[in-house]
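Number of protein chains: 4
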Amino acid sequence: MPTFAIKPDKPIPVAVLGATGAVGQRFVQLLDGHPWFQPVALAGSERAIGQTYAQACRWLLPTPMPAWAAEMIVVPHDPEAIEARIAFSALPASAAFELEPAFARSGFAVCSNASAFRNAADVPLVLPEVNPDHTSLIETQRRQRGWKGFIVTNPNCTLTGLTIVLKALLDRFGVERLLVVSMQAVSGAGYPGIASLDILGNVIPFIDGEEDKIESEPRKILGSLQEGTIQPANLQISAHANRVPVLDGHLVCLSVQLSQEARLEDVAQALSSFQAPSISRHLPSAPETPIRLMEKPDRPQPRLDLMSGNGMTTVVGRLRPDPLLGWKMAILSHNTIRGAAGASIYNAELLVQQGYIA
Amino acid sequence: MPTFAIKPDKPIPVAVLGATGAVGQRFVQLLDGHPWFQPVALAGSERAIGQTYAQACRWLLPTPMPAWAAEMIVVPHDPEAIEARIAFSALPASAAFELEPAFARSGFAVCSNASAFRNAADVPLVLPEVNPDHTSLIETQRRQRGWKGFIVTNPNCTLTGLTIVLKALLDRFGVERLLVVSMQAVSGAGYPGIASLDILGNVIPFIDGEEDKIESEPRKILGSLQEGTIQPANLQISAHANRVPVLDGHLVCLSVQLSQEARLEDVAQALSSFQAPSISRHLPSAPETPIRLMEKPDRPQPRLDLMSGNGMTTVVGRLRPDPLLGWKMAILSHNTIRGAAGASIYNAELLVQQGYIA
Amino acid sequence: MPTFAIKPDKPIPVAVLGATGAVGQRFVQLLDGHPWFQPVALAGSERAIGQTYAQACRWLLPTPMPAWAAEMIVVPHDPEAIEARIAFSALPASAAFELEPAFARSGFAVCSNASAFRNAADVPLVLPEVNPDHTSLIETQRRQRGWKGFIVTNPNCTLTGLTIVLKALLDRFGVERLLVVSMQAVSGAGYPGIASLDILGNVIPFIDGEEDKIESEPRKILGSLQEGTIQPANLQISAHANRVPVLDGHLVCLSVQLSQEARLEDVAQALSSFQAPSISRHLPSAPETPIRLMEKPDRPQPRLDLMSGNGMTTVVGRLRPDPLLGWKMAILSHNTIRGAAGASIYNAELLVQQGYIA
Amino acid sequence: MPTFAIKPDKPIPVAVLGATGAVGQRFVQLLDGHPWFQPVALAGSERAIGQTYAQACRWLLPTPMPAWAAEMIVVPHDPEAIEARIAFSALPASAAFELEPAFARSGFAVCSNASAFRNAADVPLVLPEVNPDHTSLIETQRRQRGWKGFIVTNPNCTLTGLTIVLKALLDRFGVERLLVVSMQAVSGAGYPGIASLDILGNVIPFIDGEEDKIESEPRKILGSLQEGTIQPANLQISAHANRVPVLDGHLVCLSVQLSQEARLEDVAQALSSFQAPSISRHLPSAPETPIRLMEKPDRPQPRLDLMSGNGMTTVVGRLRPDPLLGWKMAILSHNTIRGAAGASIYNAELLVQQGYIA
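Residue numbers (the numbering used here), protein chains in the order written: chain A, 1 to 358; chain B, 1 to 358; chain C, 1 to 358; chain D, 1 to 358.
There may be inaccurate statements among the hints.
It does not matter which identical chain is used: a pair holds within one copy or between any two.
Claimed, not checked - Below, computed lysine to aspartate or glutamate pairings styled on EDC-like, alpha-carbon distance capped at 16 Å: (1) LYS213 / ASP322; (2) LYS148 / GLU83; (3) LYS296 / ASP208; (4) LYS148 / ASP122; (5) LYS148 / GLU80.
Derived by calculation from the structure, the hints in this document are not laboratory data.
Turn these sequences into a full structure, and let the hints steer you where they fit.
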């Protein structure tokens, strides 16, 4: 079992698609100083092309825009004109439908945060802590679609932490059913996204399309790969999605029914000792602790716990019995790091490690 | 069946206990211009006694302090020195344990928002829309305790709207089990209550003692009175309680399993056509519509819908099937009006109507 | 001196231009039940035309949409097709430039909240408490432009309360110079307006064009009408404009140098005893007290004091000496009522009273 | 002129007084890994003594509590029992009045963030960028008070950035008069500090005692040391202090009159090229750029610019002419880093460099 990741021989050139948006900015921030990946192109929409990134982008992050990015000229989403190996996609779903296949066809490894292809049968929906083996769908995908490259997706931000927790529970006890209520940050809606008049001092009990994703995507991620197709996990999921006046960090209340009886200390131990599969464990973006279990009764909180493991750790608290389903807990996950840009980058690292990106 | 409430012959003198606190202020606001009740005493803690209410009270409401209240001198919590018929209690639980019995012993009808006696077997826990008959426990209470007066309580703010919804469902379909996730306003914690450093841009997934109340109080309220004792309703309830940066208004996500199959339109109809029992229906604080069912997909929202029915209407939205329990919805209720001061006043009106307060 | 306003014989039909936006909604709310004006047309943009107002409008106010408005069909901004006497304009400046003259030409009394014509030499910029006589510019305007109707404007929301305060000081002591720092609510930017990602837990020290308006408009309003033109008041004004995470209510810190020495009690008295000119004093929208002077050291606050006088009263607090300019104070004014829709309606009432609208 | 600071030979043992409060926590955070200082004692109030710091302290910062701190036992404020050379004081003013002299008497270098002794004639009020020479007051202080150690203070959080800006302007142009309006974060009031009910969606135009500090402290800091006493700078200052719903970061609007005419580019240059005196320039806490001048029209903003220079840089924007006083701008400074704990630590580094702490 390796205890180190095998580094690529030389930096791998990467592009960011949809680089000026909220998630695109996170890609730029997280790629700054990345040990394996070297950003060579920032692609943007019509309006932005030809400007420097500094001019084109309304930078929303509290750390300064990296100097290398500020001076880059924003280029069109043209796979022929971009010389890179990986295309990180922060595109909106509608644009992704068209552009991601074009990049994959041209030979790019498209690591996408968009929802466009998450449900396609031949597109892996991957969390390196959970289902690194699903990347073998790439073969099928290439064969069926005749692409030189491929698309690998990461899940919706809200269910990322949740699915990692489910994996830890599934491996140890089995999971039957779960009910999830999310309280989601405004950054999940991009920029300009939610109007301040709608959310200041308010809660909105609805996020378009979100509940469907929460109820379906974990089943694919936790599914098993059989003869080149994914058999979805047999899980019943019900979700309520809410928007709250928080900048970053999706908090989720989970009630879950396990397949077998368990003691509190066993459930706690299953969570806090959870490890990613060894191939994913030593990658640059891998958090030291995939799941951090907090004991203080009023945690996790977005403001205090969000940056655990540089925003890549899933933070769990309030583990306690549930009179209805057996167990309940609160789960916090950084929606634009672990749930978006960080997820795509972590996936790309996995693909390098697996030899899909040379 | 009466279509009007029978008014008392003359104004009934009332006192507010704990009048300077956040809920006490709501009592003062709601009693201003009340057609039946005339505030004659505002009682406060040591620090406040002897000052005018305007001096003693840091008024937190956006409507001006009523002029009659501003000039009242705050008096001690002394049942012998207060000449009133009803004592509205906005006391904290610890003070209520001691003071409410003293007032009841002296002959006061104590209409209490405190949690101190909600679980006592001989103390009615009443919502006029749900269980007006439970007030007959007063007989038992007086007999057992030898009091001239009595204590009637209203439930915790978070479960008030929820319980009214459950009543509507129970009557029509039966209810088996439910899972509740609350997103509660800071005013529910009183003043000064939640520190701004704790809640600005944050969610706290914990409210001390709240989940226990949500899991137990509805069972008492929805229970049946048999031979002078209450048989709790046979309901399984699981709750997650969260604090969100909202000023007023508790929003609750409910997943519920009914005892029988139902169509969406039937569930909708059961909610929107729900009526309080006739004795409660025409009281001054009774909202015209106990439950308002909204169809817009992103409602109810605290900021927009909180003051429905002057803050006495329970607002329901997002009614839809739940793959796990059958039905889900969002419920909004004003925590310091319908869930606190307004609840006590509505109870007092019921007690007048029933002849317990003459 | 009249102590009552002379009512019009019968309801005056009015239209709202730009009715679906944030200020348009305030017009609809404030016109609901107005004793003199009867809304007969709600005009909207291309997208909204032909729908009911309920369908076309994302209602942002916490009081319900008036039933009469909900059912009205939104009509185009066509002066020929609308049969009304007054056109209340909630149009954005760019649309107002084109549409308001069209309505004025057709004979409408255009009472406009838009900035488009505020600086035109022949267009009155009016606050009924301050300069009701400026409406006589209407004669010049009609003559010069050959219009059957006319345009009367009200000032920018931020300086409305400020200018009323300046009027009270000017009349008594004279005013030389002032420095103004505003902290403005997000509703001032309309809907969707400010993105939540920009303002949650933040302050933005910039509002495009706002400082220019604050530095110029009060000079016109406080100016004197001489031979058909306005001689701007000789005032030096400096402004800093900031956006803060508040829903409604612009708070302004004012430092001001008077033309003569004064005692604190005299300044206080000049403010609290200020009265609108008698012609403006008894109109339906006139607040009983134009300026409310608060003595508590931490007031006024948007959350607590905004609705003074139904949102039409200017609330002043923290009056104290300023070591630099002589006097300082804090001024609160409701930006979408006194500073926008309420201002236009109050102006229309004045025009009725003056006989400009028959 | 040295281009490096002279490091102490070995780590200097330091204590934090009032270590469990909001500012105390910042001290602990900033001392973690400090190259010169080694925390050996965390002192707290009665309630905390004997517990570990992890038990005693409600940690409010989004970075984890340092491991060394978590396990330290909180000790009493007893100078005889603490073996350290520097006492960083995060005490409230009332406790500081009594305890800081006791520590100074015992030989401690007390680097205090408290306001208790800031105005004492023999106590230096120091910003290393501005007046490092004022530390020579220590001689007078020791002589007059017979102390082995001494007290050095840093100014109120709100005026720290302001005073650095004034220094840059004073050196180049002279400064006559200024008007300051602050918009201050809630962390400035400590914990629990401001109640959420008071500040959510609100602005409070009052902070007790703050305006006096803003109007007086800069005059002392910018004063000149003459024969062992400080001649306050001849500046006229007027301040308005406001609390806004922001977690960290005080934003200040400044209008200022310089002693001579200047061009915009000269003022800009004076700010952006400002350097600390050479003795202060290379200390561990010295920001590379004392003043960062931003050109984007809507900056600085607390959310985006607060952590410039690790929270030690003063960020200025919106530099423009002021029709009244000549110049206006917005200034942002981190209130608990540059304005509190970071300021005290920077002062301590200066004192080491100057040889006052050996």
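The hints, checked one at a time:
When the C-alpha separation of LYS213 and ASP322 is checked against a cutoff of 16 Å, the pair qualifies only between copies, where the shortest distance is 14 Å, while the shortest distance within a copy is 24 Å. In the homo-oligomer, the alpha carbons of LYS148 and GLU83 lie at most 16 Å apart inside one protomer (15 Å), although the nearest pairing across protomers, at 66 Å, exceeds that limit. Taking the closest pair of Cα atoms, LYS296 and ASP208 come within 16 Å of each other only across two copies (12 Å); inside a single copy the shortest separation is 33 Å, beyond that limit. For the identical chains of this complex, LYS148 and ASP122 are intra-copy neighbours only, at 15 Å inside a copy versus 70 Å across copies, given an alpha-carbon limit of 16 Å.
With identical chains, the CA atoms of LYS148 and GLU80 are at most 16 Å apart within one copy only, with a shortest distance of 13 Å there and 63 Å across copies.
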